[in-house]
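K.L.:
From first to last, the protein sequence lines are chains B and H.
Take 1 as the starting number for the first sequence in the UniProt record's numbering and just add one per residue.
Take 1 as the starting number for the second sequence in the UniProt record's numbering and just add one per residue.
Do not take every clue at face value.
A pair holds if it fits inside one copy or across any two, identical chains being indistinguishable in the list.
Claimed, not checked - List time: in silico DSS-like cross-link candidates among lysine-lysine, alpha-carbon distance up to 30 angstroms:
no.	residue 1	residue 2
1	233	129
2	325	251
3	129	386
4	62	402
5	224	313
6	62	265
7	225	251
8	225	325
9	225	402
10	325	259
If you are wondering where the hints come from, they were derived from the structure by calculation, not from laboratory data.
As the structure is a prediction and not an experimental result, all values here were calculated from the model.
2 protein chains.
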Amino acid sequence: MATERPSRLRVFSLNCWGIRFFSQLCTQRYEMIGELLCQEQHDIALLQEVWSERDFLFLKRKLSSSHPYTHYFKSGVIGSGLAVFSRHRIQDALLYQYSLNGYPYMLRHGDWFGGKAVGLVIVDVSGLKAHVYVTHLHAEYSRAQDEYLSHRTVQSWELLQFVRHTSCGADLVVLGGDLNMHPQDLGNRLLRSHTGLRDCYTETDMFDGCEDGHTLIADNHFTKKQDLVPFEKGIRIDYILMKGSQRVTMKCESLSTTKGPVADKPFPYSDHEALTAEFGLLHSEDSRQRGSSDTLAVSEQMEVVAEARALVKEGLCQTEALRDKAMHLMFGALLLLLLPLAMAFLPCSCSCSFSTLGLLGAVCMVLLLSGALLYLLFTTHIKVLKETEDQMMLTSNDLQTKLTGCQLSGSSSLDGSPEIQPLSPFKREE
Amino acid sequence: MATERPSRLRVFSLNCWGIRFFSQLCTQRYEMIGELLCQEQHDIALLQEVWSERDFLFLKRKLSSSHPYTHYFKSGVIGSGLAVFSRHRIQDALLYQYSLNGYPYMLRHGDWFGGKAVGLVIVDVSGLKAHVYVTHLHAEYSRAQDEYLSHRTVQSWELLQFVRHTSCGADLVVLGGDLNMHPQDLGNRLLRSHTGLRDCYTETDMFDGCEDGHTLIADNHFTKKQDLVPFEKGIRIDYILMKGSQRVTMKCESLSTTKGPVADKPFPYSDHEALTAEFGLLHSEDSRQRGSSDTLAVSEQMEVVAEARALVKEGLCQTEALRDKAMHLMFGALLLLLLPLAMAFLPCSCSCSFSTLGLLGAVCMVLLLSGALLYLLFTTHIKVLKETEDQMMLTSNDLQTKLTGCQLSGSSSLDGSPEIQPLSPFKREE
């Protein structure tokens with residue numbers, strides 16, 4: 001049943017690379033981004049890495065006529081960097097900050113300070129309720145030795161859980177952002193298979209953009225070539241995903257990316273390429289399209305969640321080892337603290353003044369304090385990893401129940417292994 | 001239309017006061033709690049302050065036949081303390097850790113270490129989808145000078161947002177826990193008015209328990225009498241709230257509390273009283289009861305959110321002052337750091353050895369580090385408070401739109417004041 005409701009929706013997504021005093025030509029690029037958005041008049045623009053509120057306010061002023069509705073999500077020390085500009089009224093907003101997001105002492109990476117998160121805005125698109133998510137996951141600094149893999153997997157899990165549980169009443173669901181994952185990476189498969197969200201790049205009728213949909217390309221003025229190795233042609237890490245509902249069928253009619261250099265401009269918009277998706281909306285009471293993941297293979301969901309559980313377990317072991325190291329640091333500092341005490345009581349030929357002892361004591365105290373802070377940090381990380389693993393087990397069990405159709409009480413274990421254990425509901429004792 | 005689906009649901013909630021080596025008679029009380037739950041066979045038991053996983057595992061073993069489905073929510077350093085025991089299958093779980101939860105340096109209060117949160121479990125009650133929430137908010141240590149009031153208000157806001165956005169597909173919604181707020185406190189009114197959740201104590205047909213439904217009472221062996229001043233009779237801070245849906249009407253048929261001493265036992269279960277609610281469920285396709293807050297007065301919602309915004313703004317000013325103090329500490333430490341440098345170059349009569357200077361330098365470094373950590377902490381708090389205020393403004397604007405029926409585009413401001421400003425969409429420039 002066709003209605004007079006909107007039949008088109010255009011969504012834009014860009015990682016703006018907006019680190020003041022660090023990102024090149026920041027002010028000029030924000031000017032260009034503002035112009036582009038003014039001109040293109042997308043229904044909704046999802047921006048990431050708008051780290052400075054001043055830059056957000058600049059865009060807000062610039063887009064006050066074209067996109068009068070905005071929300072800037074705030075979290076962490078300098079984050080979250082997420083901003084939404086909309087031509088349609090934003091009714092509500094909700095933020096979920098990821099529980100794991102790197103380490104505060106990794107200053108050169110700095111993700112921890114960004115308070116990475118997923119933001120949800122509920123947009124009234126001429127009577128349609130669109131749940132629009134914008135997110136930015138932890139960066140991948142080394143594909144070969146990715147020390148943040150478990151963090152990114154936990155973030156993917158939290159993202160999918162958040163989308164699953166908050167998209168229920170939506171007519172349309174759109175997710176845009178920088179996932180920092182290749183298309184077939186575990187976190188990406190997890191997200192797609194458990195939310196039913198579909199990747200616009202693989203779904204689109206028409207594509208105009210970089211080869212293979214890449215959003216980090218060698219042809220971009222700002223891209224460091226070594227960051228692309230061994231993917232010289234480029235990487236696809238920015239996405240627009242979508243799903244419809246029982247009331248509205250959503251179809252990606254076209255997807256485009258910027259291609260590095262911009263016509264009549266001396267440099268690109270960002271070190272990432274921007275995405276623009278155009279959706280066709282079919283309002284139909286008898287639409288067979290389901291918003292939920294019911295149509296996806298349960299077995300595929302089970303496989304991917306099992307893989308993710310194994311990875312989270314591995315992350316747990318690594319984090320436990322880090323916590324042990326923090327404990328050793330504390331013990332070492334405590335032992336060292338005994339040294340000035342011993343020196344104070346021993347006859348010593350060297351000039352062990354009160355001040356020397358004090359200095360040594362102060363150093364020990366700093367080490368002890370650092371050890372204690374690290375211990376606390378890794379303890380909270382372990383809690384998060386365990387919580388994620390437990391939730392994954394619950395999902396596995398639920399999928400198993402669906403698969404076997406066995407819904408008799410007592411037939412599955414919540415805290416057990418993913419295999420159903422009818423007579424032993426508590427397989428794993430922690 | 002009556003069906004063969006369950007017509008009753010019994011829910012239990014208790015703050016277990018389970019701080020190992022601190023809470024009195026912890027082991028014995030967990031024995032008693034386990035016995036009570038085994039015997040009473042509630043459908044769902046919601047526990048708070050189960051701080052030790054060992055105690056959770058004890059209960060899990062004890063309740064393996066009566067409540068085979070469990071989830072223990074993990075967050076923070078030692079938290080979250082939240083546990084669910086269910087006779088019905090738990091299909092899924094989701095945790096939302098509150099963004100503000102006291103200060104890590106307030107060791108004697110310790111809430112920060114608990115990682116206070118709201119946990120959601122989705123329970124399959126014989127075909128009915130029950131969304132069951134368990135939570136524990138920041139404690140109130142002084143009613144006259146409550147330094148955590150803005151934190152608790154932000155927690156209430158995050159709780160209501162979480163419930164609003166994750167309860168959409170539920171047949172039944174139940175929330176139980178220790179809200180650490182009196183019945184008419186702002187956070188409580190905010191929660192009820194914006195979620196449509198109803199307080200079992202005021203809704204029940206039959207009540208058997210402490211006077212005025214108190215859950216902290218003078219007659220409890222473990223209660224410190226000074227904690228009750230000036231409410232000598234007792235305080236009601238533990239709640240079970242509920243709402244039905246269009247498919248199921250939910251009615252609280254009876255509510256009871258424990259009353260301090262327990263028959264045949266030398267002491268009570270906890271320093272809090274336990275709550276038990278029994279719900280009647282009416283399955284009706286033409287039920288007029290709405291799960292949403294539509295039936296509640298929009299104007300009441302607006303008033304309470306305006307009050308909350310004012311409080312959050314006040315919290316923001318206080319936190320900005322704290323951040324300034326942290327900055328002063330940093331500057332002071334930096335200035336002090338110049339002292340040993342100056343002393344090293346000045347001819348000095350006192351015995352300013354290298355070690356003395358080193359000691360002084362080390363002290364300055366510790367002060368500088370502390371100042372920096374506090375600065376980071378308060379900066380993240382400010383982000384959270386601003387985000388909360390922004391979300392509250394969005395809600396205000398949406399309510400205003402509902403109230404006036406004015407849904408023309410450009411008629412409300414997302415970031416503006418709660419009053420609609422048709423020609424000035426961006427009232428407030430931050």
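K.L.:
Go through the copies and call it for residue 225 and residue 251: within, between, both or neither, with a Cα cutoff of 30 angstroms.
P.N.:
Answer is neither: 35 angstroms inside a copy and 65 angstroms across each miss the 30 angstroms cutoff.
K.L.:
If the cutoff is 30 angstroms on CA atoms, where do residue 129 and residue 386 land: within, between, both or neither? Let me know, please.
P.N.:
between (35 angstroms within a copy, 26 angstroms between copies)
K.L.:
At most 30 angstroms between alpha carbons: which applies to residue 225 and residue 325, within, between, both or neither?
P.N.:
Neither. Shortest intra-copy (36 angstroms) and inter-copy (44 angstroms) distances fail the 30 angstroms Cα cut-off.
K.L.:
Can you tell me if residue 325 and residue 259 fall within 30 angstroms by alpha carbon in one copy, between copies, both or neither?
P.N.:
neither (46 angstroms within a copy, 48 angstroms between copies)
K.L.:
Have a look at residue 325 and residue 251 and pick one of within, between, both or neither, based on CA distance no larger than 30 angstroms.
P.N.:
neither (51 angstroms within a copy, 54 angstroms between copies)
K.L.:
With identical chains treated as interchangeable, where does the CA-CA distance between residue 225 and residue 402 reach 30 angstroms or less: within a copy, between copies, both, or neither?
P.N.:
neither (47 angstroms within a copy, 53 angstroms between copies)
K.L.:
Is it within, between, both, or neither for residue 233 and residue 129, if the alpha carbons may be no more than 30 angstroms apart?
P.N.:
So residue 233 and residue 129 fail the 30 angstroms test inside a copy (39 angstroms) and across (49 angstroms) alike.
K.L.:
Please work out whether the CA atoms of residue 62 and residue 402 approach to 30 angstroms or closer within one copy, between two copies, in both situations, or in neither?
P.N.:
between (51 angstroms within a copy, 28 angstroms between copies)
K.L.:
For residue 62 and residue 265, with the copy left unspecified, which applies at a CA distance of at most 30 angstroms: within, between, both, or neither?
P.N.:
Within one copy, since 19 angstroms is at most 30 angstroms while 70 angstroms is not.
K.L.:
Using 30 angstroms as the alpha carbon limit, work out where residue 224 and residue 313 are close: within a copy, between copies, both or neither.
P.N.:
Classified as neither; 33 angstroms inside a copy, 43 angstroms across copies.
Of the hints listed earlier, those the structure fails to meet are numbers 1, 2, 5, 7, 8, 9, 10, in rising order.
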